[in-house]
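In case you want the letters, here they are:
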Amino acid sequence: MRLAPSRRFVLGAGAALLALPATPARATKADVAAAIRAITGGAPLRPGRVKLDLPLLVENGNAVAMTVGVADPLPAAERVLSLHVFAEGNPLPNVIHAYFGPRSGAPRLATRIRLATSQTIVAVAACADGTFWTDSVELLVTLAACIDDL
Amino acid sequence: MPRPLINVPKKVKRGDAFDIRILIAHPMESGQRRDDKGQPIPREIIHSFLCTYGGEEVFRAEFFPAISANPFLTFSARAVDSGQIVFTWTDDLGATQFDSVEITVE
Amino acid sequence: MRRLALLLCLLATVAQAAPRSGYDDAGPQVRAMQDDDDANPGFLWVQQGAALWSRPDGSASKSCADCHGDASTLRGVAARYPAFDAKLRRPVTLAQRINLCRTDHQAAPALAPESDALLGLTALVGLQSRGLPIAVDAGGPNRPFVEAGEHFFRTRQGQLNLSCANCHEERAGHRLGGALIPEGHANGYPQYRLEWQTMGSLARRLRACLIGVRAEPLAPDAPDAVALELYLAVRARGLTVETPAVRP
Chain A
1 MRLAPSRRFV LGAGAALLAL PATPARATKA DVAAAIRAIT GGAPLRPGRV KLDLPLLVEN
61 GNAVAMTVGV ADPLPAAERV LSLHVFAEGN PLPNVIHAYF GPRSGAPRLA TRIRLATSQT
121 IVAVAACADG TFWTDSVELL VTLAACIDDL
Chain B
1 MPRPLINVPK KVKRGDAFDI RILIAHPMES GQRRDDKGQP IPREIIHSFL CTYGGEEVFR
61 AEFFPAISAN PFLTFSARAV DSGQIVFTWT DDLGATQFDS VEITVE
Chain C
1 MRRLALLLCL LATVAQAAPR SGYDDAGPQV RAMQDDDDAN PGFLWVQQGA ALWSRPDGSA
61 SKSCADCHGD ASTLRGVAAR YPAFDAKLRR PVTLAQRINL CRTDHQAAPA LAPESDALLG
121 LTALVGLQSR GLPIAVDAGG PNRPFVEAGE HFFRTRQGQL NLSCANCHEE RAGHRLGGAL
181 IPEGHANGYP QYRLEWQTMG SLARRLRACL IGVRAEPLAP DAPDAVALEL YLAVRARGLT
241 VETPAVRP
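Residue numbers (the numbering used here), protein chains in the order written: chain A, 1 to 150; chain B, 1 to 106; chain C, 1 to 248.
Simulated from the structure, these hints should not be mistaken for lab results. Wrong hints could be hidden among the right ones.
[To be verified] If you only want the chain A side, here are some residues facing chain C, beta carbon under 8 Å, derived:
{"hint": "1", "residue": "Pro55"}
{"hint": "2", "residue": "Glu59"}
{"hint": "3", "residue": "Asn60"}
{"hint": "4", "residue": "Ala63"}
{"hint": "5", "residue": "Ala65"}
{"hint": "6", "residue": "Thr67"}
{"hint": "7", "residue": "Thr142"}
Quick caveat, the model's predicted, so the values are computed rather than measured. Yeah, the Cβ is synthetic: ideal placement off N, Cα and C, and Gly gets one too.
Start from the sequences, fold in the hints, and give me the full structure.
Below, the structure is given as structure tokens:
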């Protein structure tokens with residue numbers, strides 16, 4: 001266990017700035033586009049069907065509750081095969097790939113994710129008819145999770 | 001590692017969808033942090049997760065370091081027959097773990 | 001003007017009479033995580049504590065359950081801690097009490113501070129008092145320790161020359177950098193902190209606050225540390241136990 005001095009105290013008290021850990025590399029929009037292309041094979045993304053739920057204001061980026069899913073029932077030929085989530089401001093563009101099997105009850109999942117900073121999160125749903133649907137949320141992280149510092 | 005906390009209804013009606021919730025104890029070390037000597041801490045995350053029910057797949061996921069420590073997952077299954085719901089997950093150290101619960105379908 | 005001052009004074013007394021839990025200062029997400037036992041990661045530790053509770057250990061080969069029965073028999077206990085130990089003639093924290101049972105009754109080695117095992121057992125015992133009002137004894141033999149703890153709380157220290165009271169009384173409700181300064185009550189430990197991404201004890205939280213003001217951290221078992229924990233419990237009277245709490 002390691003207790004690094006919290007930089008928030010330093011900022012708050014106006015004392016000399018502590019050397020901050022180097023900001024980790026961030027995924028770029030191009031990285032995210034490439035990660036999405038790896039799923040869609042370049043097929044167009046349409047807005048709609050899939051809904052991404054995240055808080056707009058995040059207190060601590062270490063654990064942010066996220067729900068993603070397709071609520072409206074679809075005919076079998078168009079059913080949702082998988083859901084994918086991407087982060088534009090994290091060190092890596094991928095967050096999760098989820099696949100729904102024959103015993104799935106609904107194409108939906110909830111989990112908790114890490115967000116290094118304020119950014120846009122993108123969800124993509126892949127359907128059995130070869131279409132891809134997308135939704136995104138832009139959110140503000142008031143206290144960035146100190147990725148280098150616990 | 002302690003066992004995960006798994007939550008499923010004890011009984012469900014045939015044909016109904018029901019939620020499965022699982023909380024797994026795991027640090028999900030992202031591979032992006034450094035220790036107090038400035039050395040990178042190696043990545044150690046659960047990278048894959050699978051849930052089957054009566055031997056058939058319900059849900060499968062690939063996790064990345066953006067999944068929080070002590071991963072929490074909720075997803076949905078459809079009640080077909082009474083049987084076993086099995087969870088399997090594998091981390092970067094190659095350790096595959098599993099756990100299971102029984103469900104009664106009426 | 002006089003009336004306003006009087007009103008402010010009254011408000012201040014009211015504020016003092018009704019302490020505000022860190023739960024109320026946390027955002028809706030953090031509160032939701034604490035409220036849902038299936039989603040609260042603290043329950044991973046509770047579960048581990050429950051497994052240890054019934055496992056025989058030490059050269060006495062006794063489990064906690066052998067002597068105490070079901071963990072629920074300890075309902076109300078955590079709400080009274082830190083409590084005075086007549087033999088040691090000083091207050092001990094709940095974690096120290098558990099370790100005393102390990103060494104004295106199980107003839108087993110004490111569990112390391114911040115170990116999953118000790119956090120787990122402490123969380124299990126703490127959970128049995130969840131929802132009960134903090135009922136620590138401020139008088140009797142505890143009194144001089146409460147006074148020492150309060151003295152520590154009000155003494156400026158560290159390079160930043162701040163006391164706990166400077167932040168948690170005078171500036172509670174204000175922001176420090178991005179963080180809201182809570183009243184700093186200790187009613188949910190051990191707790192799961194998102195910042196730590198794990199469970200931690202009050203001692204760990206206090207070390208972080210002390211390092212924050214560039215002061216010497218307290219050794220976990222130093223008498224000052226227990227006195228401070230005792231005073232924090234005294235000033236939290238009016239709140240209920242929230243273990244295992246979740247905080248940002």
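> When the nearest CB of chain C is found for threonine 142/A, is that gap smaller than 8 Å?
Replying inline: holds (5 Å)
> Does the nearest C-beta of chain C fall within a distance shorter than 8 Å of the C-beta of glutamate 59/A?
Replying inline: Glutamate 59/A check passes; min Cβ-Cβ to chain C is 4 Å, inside 8 Å.
> Is the hint on alanine 65/A kept, meaning its closest Cβ partner in chain C is under 8 Å away?
Replying inline: This hint holds: alanine 65/A lies near chain C, its Cβ roughly 6 Å from the closest one there, short of 8 Å.
>> Does the closest beta carbon of chain C sit nearer than 8 Å to the beta carbon of threonine 67/A?
In response: violated (12 Å)
> Holds or violated: is the Cβ of asparagine 60/A closer than 8 Å to a Cβ in chain C?
Replying inline: holds (4 Å)
> Does the nearest C-beta of chain C fall within a distance shorter than 8 Å of the C-beta of proline 55/A?
Replying inline: holds (6 Å)
> For the hint on alanine 63/A, does the least C-beta distance to chain C fall short of 8 Å?
Replying inline: Result: holds, 5 Å to nearest chain C Cβ.
The structure is inconsistent with hint 6 alone, although it conforms to all the rest.
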